[in-house]
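Colleague: Top to bottom, those sequences are chains H and F. Reminder that position 22 of the first sequence reads as 251 in the working numbering, one-by-one numbering, no gaps. Reminder that position 82 of the second sequence reads as 311 in the working numbering, one-by-one numbering, no gaps.
Since the hints were derived computationally from the structure, they do not count as laboratory data. Fair warning: this is a prediction, and the values are worked out from it, not measured in the lab. One should not assume that every hint holds.
[To be verified] Footprint (simulated), chain H over chain F, 3 or more residues, beta carbon under 8 Å:
#1 329-341
#2 397-405
#3 472-483
Glycine included, every Cβ here is placed at the ideal spot set by N, Cα and C.
If you want the building blocks of each chain, they are given just below.
There are 2 protein chains.
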Amino acid sequence: MKAPSSRRSRSSSELRVIPLPLSGEILPGDSIADKLLAVLRRRRLRLQSGDILVVKHKVVSKAEGRLVDLATILPSEESVAWAKQYALDPRVIELALRESRTVIRRKNGVLITETHHGFLCANSGIDVSNVDGGRHAVLLPENPDRSAANLRRDVKKRTGLSIPVIITDSFGRPWREGLAEFAIGIAGIRPLRDDRGRRDPHGYRLKASVEAVADELACAAGLVCGKLERTPACVIRGFRYDSGAGGVRELLRPAASDLFR
Amino acid sequence: MKAPSSRRSRSSSELRVIPLPLSGEILPGDSIADKLLAVLRRRRLRLQSGDILVVKHKVVSKAEGRLVDLATILPSEESVAWAKQYALDPRVIELALRESRTVIRRKNGVLITETHHGFLCANSGIDVSNVDGGRHAVLLPENPDRSAANLRRDVKKRTGLSIPVIITDSFGRPWREGLAEFAIGIAGIRPLRDDRGRRDPHGYRLKASVEAVADELACAAGLVCGKLERTPACVIRGFRYDSGAGGVRELLRPAASDLFR
Numbered sequence: 230m231k232a233p234s235s236r237r238s239r240s241s242s243e244l245r246v247i248p249l250p251l252s253g254e255i256l257p258g259d260s261i262a263d264k265l266l267a268v269l270r271r272r273r274l275r276l277q278s279g280d281i282l283v284v285k286h287k288v289v290s291k292a293e294g295r296l297v298d299l300a301t302i303l304p305s306e307e308s309v310a311w312a313k314q315y316a317l318d319p320r321v322i323e324l325a326l327r328e329s330r331t332v333i334r335r336k337n338g339v340l341i342t343e344t345h346h347g348f349l350c351a352n353s354g355i356d357v358s359n360v361d362g363g364r365h366a367v368l369l370p371e372n373p374d375r376s377a378a379n380l381r382r383d384v385k386k387r388t389g390l391s392i393p394v395i396i397t398d399s400f401g402r403p404w405r406e407g408l409a410e411f412a413i414g415i416a417g418i419r420p421l422r423d424d425r426g427r428r429d430p431h432g433y434r435l436k437a438s439v440e441a442v443a444d445e446l447a448c449a450a451g452l453v454c455g456k457l458e459r460t461p462a463c464v465i466r467g468f469r470y471d472s473g474a475g476g477v478r479e480l481l482r483p484a485a486s487d488l489f490r
Numbered sequence: 230m231k232a233p234s235s236r237r238s239r240s241s242s243e244l245r246v247i248p249l250p251l252s253g254e255i256l257p258g259d260s261i262a263d264k265l266l267a268v269l270r271r272r273r274l275r276l277q278s279g280d281i282l283v284v285k286h287k288v289v290s291k292a293e294g295r296l297v298d299l300a301t302i303l304p305s306e307e308s309v310a311w312a313k314q315y316a317l318d319p320r321v322i323e324l325a326l327r328e329s330r331t332v333i334r335r336k337n338g339v340l341i342t343e344t345h346h347g348f349l350c351a352n353s354g355i356d357v358s359n360v361d362g363g364r365h366a367v368l369l370p371e372n373p374d375r376s377a378a379n380l381r382r383d384v385k386k387r388t389g390l391s392i393p394v395i396i397t398d399s400f401g402r403p404w405r406e407g408l409a410e411f412a413i414g415i416a417g418i419r420p421l422r423d424d425r426g427r428r429d430p431h432g433y434r435l436k437a438s439v440e441a442v443a444d445e446l447a448c449a450a451g452l453v454c455g456k457l458e459r460t461p462a463c464v465i466r467g468f469r470y471d472s473g474a475g476g477v478r479e480l481l482r483p484a485a486s487d488l489f490r
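Only chain H is shown next, with the shape it has when bound in the complex (with noise of 0.2 Å):
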């Protein structure tokens, strides 16, 4: 199953975006494979080699049951004074704190935290959901490149494609307003597309040409999927990605190298 090489030529052609909405909610134990392929059935379509699978990662955090009680978090006093300054919950900060490896800001009511991933975002990535009735946190998946390449290979068993497979959450950045959308875990496309030393029709050697397509896919797939339209993912056809492992560790600068942290 050999994926359409970018190499070959990059020749423009149309890319689609086909929003795949769920109807009932994920519990944990459910196959997001299975859901979304439902989905599919349903609307009379199929993937196809080249697609690309893009699912935001809340859907999947809740089947694989990354989800915490938030009656059961007891928040440090120092979680308590500070939400308490910005009136918000202190176990939500506390839980934050704990899926974090560092605090990169705490300020004016936000905290950046670097997660046990490595992800630099506003409270460790944590959602809050009305799920059961209760207040719940839903976490990241602990690895979601892992959770990729599961989902990656739970379509390949029902359908014998092998898909790439991107998930996907909403981060603030810095100097810009508004969230967008990033890759946080990868399998079977590579996330960077690097066209150094390749040249422009000019013949110019193109120079810091290298392009994070990951986080560019799942800005495409943020148009369309979200909250309220209940639609957390989508198939991106017509993107002519280069294959390859993945993880998403290519596309997090290190500490050491970062201006900006």
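Fit chain F to the supplied structure of chain H, relying on the hints for placement.
Modeller: Just chain F now, kept in the frame of chain H:
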């Protein structure tokens, strides 16, 4: 000409990203609207109400004559010394400093500035091109929002359609490897989609859901556009945007509330 309002319904429809490859070179004074509409005609496509036009800034800059012959730039001693350390072109560094309001970081051969427009990016967004057999610097448009509004107006004159326009550039990002595409000029569409106060399917009030849709549209466009493809523009069809005047300022976090500069 009412744009599809996302307030009515966000039920997910398919998104299409249609590349508009140009065959020739863009010269100062060229009409980008004419060029792009000609591509559409050749491909037997028509703009439709609801479409969004996304254009990489480089062709806009060229059409606006934002080219500087590098031979005319006399770099300061400081620029020469710093560029030499990292084998960079001191004239590009000099020009980047002239195009900047503030130097944000200058380290390890990386110069991050805040441009006169307020963008934080490497080398003030200056590209180098081999136009006319000589080495030229391509500057960002003087006022990319105005460039977007002009293109929107030109398209309306020729087609009768009010099509939002987003002009983009590839920027590096703190914390993440690889470049991604960002909106730098916006007309006819609200850059942020503000879902604060709306409720998710569980009735949970969405807290931080301000989404930078203009940047996500830029990224979706980045997947089909590129230097190697000679595809500087695309049409995005099927996105339920909120119409508005536009303006990139909404996407630029004021320095005072930015924790990372």
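Colleague: Take the hints in turn and mark each one as holding or not.
Modeller: Hints, one by one, checked against the model:
1. 329-341: This one holds; 5 residues, not fewer than the three required, reach chain H with a Cβ under 8 Å.
2. 397-405: holds (count 6)
3. 472-483: That given contact holds, which follows from 4 residues of the stretch 472-483 of chain F lying within Cβ reach (below 8 Å) of chain H.
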